[in-house]
Amino acid sequence: MTDRVKEILSWYKSENAGVLTNMYRLLMQGRLAGTGKMIILPVDQGFEHGPARSFAPNAAGYNPHYHYQLAVDAGLNAYAAPLGFIEAGAVEFAGQIPTILKLNNHDTLFDETDPLGAQTATVEDALRLGCVGVGYTIYPGTMDRRVLYEQLREIILEAKSVGLLAVVWSYPRGSQLSKAGETSLDVAAYAAQIACQLGAHIVKVKLPDNTLEQDAARKVYEKYAIPRETLTERVRHVVQSAFDGRRIVIFSGGAKKDDANAVFNEARAIRDGGGFGSIIGRNSFQRSHAEAMELFDNLIKIFKGEVQ
Amino acid sequence: MTDRVKEILSWYKSENAGVLTNMYRLLMQGRLAGTGKMIILPVDQGFEHGPARSFAPNAAGYNPHYHYQLAVDAGLNAYAAPLGFIEAGAVEFAGQIPTILKLNNHDTLFDETDPLGAQTATVEDALRLGCVGVGYTIYPGTMDRRVLYEQLREIILEAKSVGLLAVVWSYPRGSQLSKAGETSLDVAAYAAQIACQLGAHIVKVKLPDNTLEQDAARKVYEKYAIPRETLTERVRHVVQSAFDGRRIVIFSGGAKKDDANAVFNEARAIRDGGGFGSIIGRNSFQRSHAEAMELFDNLIKIFKGEVQ
Amino acid sequence: MTDRVKEILSWYKSENAGVLTNMYRLLMQGRLAGTGKMIILPVDQGFEHGPARSFAPNAAGYNPHYHYQLAVDAGLNAYAAPLGFIEAGAVEFAGQIPTILKLNNHDTLFDETDPLGAQTATVEDALRLGCVGVGYTIYPGTMDRRVLYEQLREIILEAKSVGLLAVVWSYPRGSQLSKAGETSLDVAAYAAQIACQLGAHIVKVKLPDNTLEQDAARKVYEKYAIPRETLTERVRHVVQSAFDGRRIVIFSGGAKKDDANAVFNEARAIRDGGGFGSIIGRNSFQRSHAEAMELFDNLIKIFKGEVQ
Amino acid sequence: MTDRVKEILSWYKSENAGVLTNMYRLLMQGRLAGTGKMIILPVDQGFEHGPARSFAPNAAGYNPHYHYQLAVDAGLNAYAAPLGFIEAGAVEFAGQIPTILKLNNHDTLFDETDPLGAQTATVEDALRLGCVGVGYTIYPGTMDRRVLYEQLREIILEAKSVGLLAVVWSYPRGSQLSKAGETSLDVAAYAAQIACQLGAHIVKVKLPDNTLEQDAARKVYEKYAIPRETLTERVRHVVQSAFDGRRIVIFSGGAKKDDANAVFNEARAIRDGGGFGSIIGRNSFQRSHAEAMELFDNLIKIFKGEVQ
Amino acid sequence: MTDRVKEILSWYKSENAGVLTNMYRLLMQGRLAGTGKMIILPVDQGFEHGPARSFAPNAAGYNPHYHYQLAVDAGLNAYAAPLGFIEAGAVEFAGQIPTILKLNNHDTLFDETDPLGAQTATVEDALRLGCVGVGYTIYPGTMDRRVLYEQLREIILEAKSVGLLAVVWSYPRGSQLSKAGETSLDVAAYAAQIACQLGAHIVKVKLPDNTLEQDAARKVYEKYAIPRETLTERVRHVVQSAFDGRRIVIFSGGAKKDDANAVFNEARAIRDGGGFGSIIGRNSFQRSHAEAMELFDNLIKIFKGEVQ
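Protein chains in written order, with our numbering: chain G, 1 to 308; chain V, 1 to 308; chain W, 1 to 308; chain C, 1 to 308; chain L, 1 to 308.
Among the clues, some could well be false.
[As the list claims (entries may be wrong)] Calculated cross-link-like contacts (lysine-lysine; reagent style PhoX-like; alpha-carbon spacing at most 20 Å): (1) G:Lys6 / G:Lys304; (2) G:Lys206 / G:Lys179; (3) V:Lys256 / W:Lys219; (4) G:Lys206 / G:Lys256; (5) V:Lys219 / G:Lys256; (6) L:Lys206 / L:Lys257; (7) V:Lys206 / V:Lys256; (8) V:Lys6 / V:Lys304; (9) W:Lys256 / W:Lys179; (10) L:Lys13 / W:Lys13; (11) C:Lys206 / C:Lys257; (12) W:Lys223 / V:Lys256; (13) G:Lys256 / V:Lys179; (14) C:Lys256 / L:Lys223; (15) W:Lys13 / L:Lys6; (16) L:Lys13 / W:Lys6; (17) W:Lys223 / V:Lys257; (18) W:Lys206 / W:Lys179; (19) G:Lys257 / V:Lys219; (20) C:Lys13 / C:Lys160; (21) L:Lys206 / L:Lys179; (22) G:Lys257 / V:Lys223; (23) C:Lys257 / L:Lys223; (24) W:Lys206 / V:Lys257; (25) L:Lys219 / C:Lys257; (26) L:Lys219 / C:Lys256; (27) W:Lys257 / W:Lys206; (28) V:Lys206 / V:Lys179.
Hints listed in this document are in silico derivations from the structure and should not be mistaken for laboratory results.
Okay, chain G solo, but in the shape it has when bound (with noise of 0.2 Å):
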């Protein structure tokens, strides 16, 4: 065990035994265990956007075990996706990759501007199926977000008195919010505080740009001049939001990006900014497994700080 993870296992120390083993396993794991950086490669896209938008561009993916593979070859720190896709390959890859069951879920065949989404596994799937971690998505910003937080409650509950890891990705949207403002920077800050505040783990947010959404936001921001000039400035604030950085906080690349130097840069800020790690889906599995391989290990050296 390296300081650093050190470090990281005394920001939990009101959880039990059981967590920190989690979470140990999951900061000790491939190419940057014990740099207290991670990778986490997320497949829920099947369920959230449909097969075709998600797989066709490799269609290697429509198979749940491509996933698990490419978890395992690049040496990532873990995989996470719906039920259906982690029982699909659990046994097969057992032990190999940790894994962190998606615990809620939305579809896009009914697309509503306030989302509530469906708790499609349990606690005791994740246990069976011998995963690291459960995950959920909360819509801060929505109309019945009382129901997500709810829900969610019950779940991290559970979740850490078994000893799981609760990874939250918190995703703002709703009716008051503006398109833009989903990832505004006071709304991407207060994103990861609430999830923080919930009492997540992990945290996920998606990179915040240089917009303010909230009046009352702006006029504090603006007043004490927080930097957010660059993405670095930004992603150190939100890490700042996530208990000082006493809360690991990673960050979604989003869409597929054809230019690969594009999600470099964002690593490099996330790097430079204090986060601990990134999120890869579609900028991944989109790819060819080559492609894929080549991308993963560009973003692993520059997390280690092995290239500028």
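Since chain G is already given, all that's left is putting chains V, W, C and L on it; use the hints.
This is chains V, W, C and L only, laid out in the frame that chain G set:
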């Protein structure tokens, strides 16, 4: 046990021996035993459409024993029905034909754009009635689908723990879909994916048309030129969307077709596209027993490849 | 035990001996014992319509003992009522008349187009009160019927496990049905089918009129020329719709008819159409005791075939 | 309902209507219906003494249906047996004869001075099998009788809450009683009292001899000159000891007597001493069916006072 | 389904359709399918006697797959074993051979005169492992048999409610029985009766010798001249003692016999005496696979009446 059955069972490694045993029973039953193909007789139309619309064309079908006997006589793989119909013959036909208890049902005395149905039986009922599995209908695309997904989550978890198969009818509906969209290819593929991600062992969808419903999907289908001219190609795409063929997908025949050849052509497309079989209700029990037997005989020969 | 009772019991083979015992008790009680026909006295109108509307025509009926005694005096098969009425005489009349505890009720101080009612007693109550079964009203056609069906599912499962009969009142209602449609033939037959599919042992529906409500159904009734001119034919169709006569269907008399001959004509139609009997509330207890006794005497003679 | 039955029911006012209903059923069954007297056929000797000792004298008795049919044919009040025998005919004879499920049994492959027996069925079984009550044997006088009393406490509490009768066989045994003492008058009366105090609805004891076992008791019997010369007097004393006749006490016939007159004389004593009837096992089923029918016919006439 | 299987199922009318379905599976499996006869391979000797005593004679038997495969190869009706052995092949052989999970076991590292054994698996295990039933050994005649009977009571109640068969090994033992007495005719018949009364669906006893153990029984056997000279006659008596043949009784072969003809002679006696088959452990798996196959082939021919 044939190699094909062995291969199919290998896709469900995360399931316990109880589930695999019931899967084996289903796949080794009747005239298609061992082929990996299956035909299931579903009779829930009395509940879904009303008795006269369902049984007047062949009044023998008012009697619940008729359907049990038809499934036995024709050498099918299973019989699926709501609680009342299953109870009405479970003792008399115990062991003679695997049964699937439909756990939810929807009637059309009130017709909703966004139907919900109701859970009308339980996993406990399925055990006491000797069923090999439970069935559940989801309506992806409907406003409150989360209610269905969450009810199904509990059912699937419980069913798997006691060794029962989970068969999911995935029928897109809802106020954001056009009528045509309910059988569009993108929507059908999406519906299959959702059912698989929810943990279904067997997914039943409608045969898809060569239309595309969602704009975001259309772009992808066109960009990647996903073949969809023939029904065979469309079946293949749906099967691919069900974990690259690692989950059993069967197709429903829909309303009674006067020309049996239409049914046979669909069966050929299912077979040639890699589908796992049919669920044939009205097209069989609304014909006379003799005609139904002949229809099933032809379907079985098609699935076995004995006829072109 | 008569051959007819033996035959009826044979339709319920999936039920345990406790259920069969209570079915036997119901069928072997009173003056119709052994005939396979039954008359049940239901008195839930105090809850459903209010006391004055129910009991003012014959003020003796305010007293719960009156109805118990009437059922005993007339040699009926059972007495059905809500918790309060059953409790008020259960000890005094213990064993003298089989009782059915109505587990849900609906009052009309608030009158809905899509009524839900409320569960007002439990299976546990039925056991402690010595009932042979429980009753439950569903309103097929109402918007939230899933609430009813799911409540009934739990009740039926529990009732069967402890050997109690499940008697379902199936009353079509709701905002998509016309007033006439509530007693249309297609709707009545559909309502009977739904109750049977939900697992009811005994179904109670209203006598159907010679009208058809749903367009999709009308086509079928006309195409197959389902006989429906006479009440006898319509009864026969409803009985057929209840699993081809393999579930007990009884018919309600509705509001009090001044001319008892109208009641007798209905009874003749029930008898000749293969119905299993009547559930006669207001037409009896809103008459004087003497008139009610005479009415029941005639009905019993009709059902026994002693008079034409 | 007769006045006598009404009077008997009045002694059990603390019981719920369910218990009273089953008591009514028991008292209104068969040829003794309404008299307040009862004859029960108990067949647990297969378990207690072994099959050959029980059934070899009349080999028809190996078949569990034989005893059901005998109880029906003879017009008895009830049939009592262990789980296996009740299950083996519960459906075929459902409703035809009230049944009492013996919840504990003792075999004699190991013969103890202080027997305990074992609970071999449950109140839940009694409900699913449609029984009117449960039976339980206590052995007052044995070292570990507290185990029995406490097991019975739970059973009685549960049985009463679901409306079942509690019938207690009270058989004094144990290392501090002489063999003769097991049927001594003081001991028999004491055994009846204990069963009543434990909450039994119906108590079954052996007919007492004119002996006294316990010194402390003997002094009292002699001081107060309690009449005990005749069997009638001894029956009267036992009945008095059962809450002054406010609990039903019935008497067992014991081993088969070749001379049926001995059985009849006992019945006369039971009748004249105010006993409530007999529980006649070996004396009936070890005779031929014809002889058993004649024996029961005579007993019934004696209990009804039709013969002296 | 054959008439004989239909007849056997008719004896279990109080059971739910789930139990009947598993009974059908057992009776319709293997080379004896439909005959009403069965051969079960039990392998609990590793637990009961230790591994070397059990498997050294044919070392292939140390491997749990060996026994599964042997049961499949020989066309037997079922394979019965403790938790570990069942788990070790439940997935590999799922569906190929009905399995019975032995829920209690007894080892002989401590050897008691009055053995108790221990419950080592549960009904829940049987469901997850896809078994058709559960097995349990009682030791009638032992001092603390009540512990066994009461444990079995709970198991049987739960097993039946979820549709599993209850198979009871009834082995008389204990400090009041002589060694010879354990297989005396009176004791064997008593043991069969007890198991049936406890609610067993299938009873397994040892083949009885022509001795009588209990004095009280001897008098009856002699008085009624119960035929017992031949093994066939003794089998007939045991079958009669199992509810006059209305419960399935099978017989164990005991320790390995070098001369297979001894096994065949026993099978003839079982067949001719109306027994339902054999449970053959050591006599098969302690032989080589080839010899075991030949032995089973002969047994099957004897039970089918193909050879004398």
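**OP:** Assess, step by step, whether the Cα of Lys223 of chain W is no farther than 20 Å from the Cα of Lys256 of chain V, and give holds or violated.
**Re:** Holds, at roughly 15 Å.
Original post:
Holds or violated: are the alpha carbons of Lys206 of chain W and Lys257 of chain V at most 20 Å from each other?
Top reply: 35 Å, violated
Original post:
For the pair supplied as a hint, Lys257 of chain W and Lys206 of chain W, is the alpha-carbon distance within the 20 Å limit?
Top reply: Judged against 20 Å, a Cα distance of about 15 Å means the pair holds.
**OP:** Sort out whether Lys219 of chain W lies within 20 Å of Lys256 of chain V, counting only the CA atoms.
**Re:** Judged against 20 Å, a Cα distance of about 15 Å means the pair holds.
Subject >> 20 Å limit on alpha-carbon distance, applied to hinted pair Lys206 of chain G and Lys179 of chain G >> reply: 13 Å, holds
Original post:
Does the structure keep Lys219 of chain V and Lys256 of chain G at a Cα separation of 20 Å or less?
Top reply: Holds, at about 15 Å.
Original post:
Does the structure keep Lys257 of chain C and Lys223 of chain L at a Cα separation of 20 Å or less?
Top reply: At roughly 16 Å apart (the allowed maximum being 20 Å), Lys223 of chain L and Lys257 of chain C satisfy the hint.
**OP:** Measure nothing beyond the straight line between the CA atoms of Lys13 of chain L and Lys13 of chain W; if it is 20 Å or shorter, mark the hint as holding.
**Re:** 8 Å, holds
**OP:** Quickly compare the C-alpha distance for Lys256 of chain W and Lys179 of chain W to 20 Å and report which way the hint goes.
**Re:** At roughly 19 Å apart (the allowed maximum being 20 Å), Lys179 of chain W and Lys256 of chain W satisfy the hint.
Subject >> Distance restraint between Lys6 of chain V and Lys304 of chain V, which requires alpha-carbon spacing of 20 Å or less >> reply: This hinted pair holds, its Cα atoms lying about 17 Å apart.
Original post:
Can the restraint linking Lys257 of chain G and Lys223 of chain V be considered satisfied, given a maximum Cα separation of 20 Å?
Top reply: Satisfied, since the Cα-Cα distance of roughly 16 Å is no more than 20 Å.
Subject >> Proposed proximity, Lys160 of chain C with Lys13 of chain C (alpha carbon, max 20 Å) >> reply: Roughly 12 Å between the alpha carbons, so the hint for Lys13 of chain C and Lys160 of chain C holds.
Violated hints, listed in ascending order, are 13, 24; each of the other numbered hints is respected by the structure.
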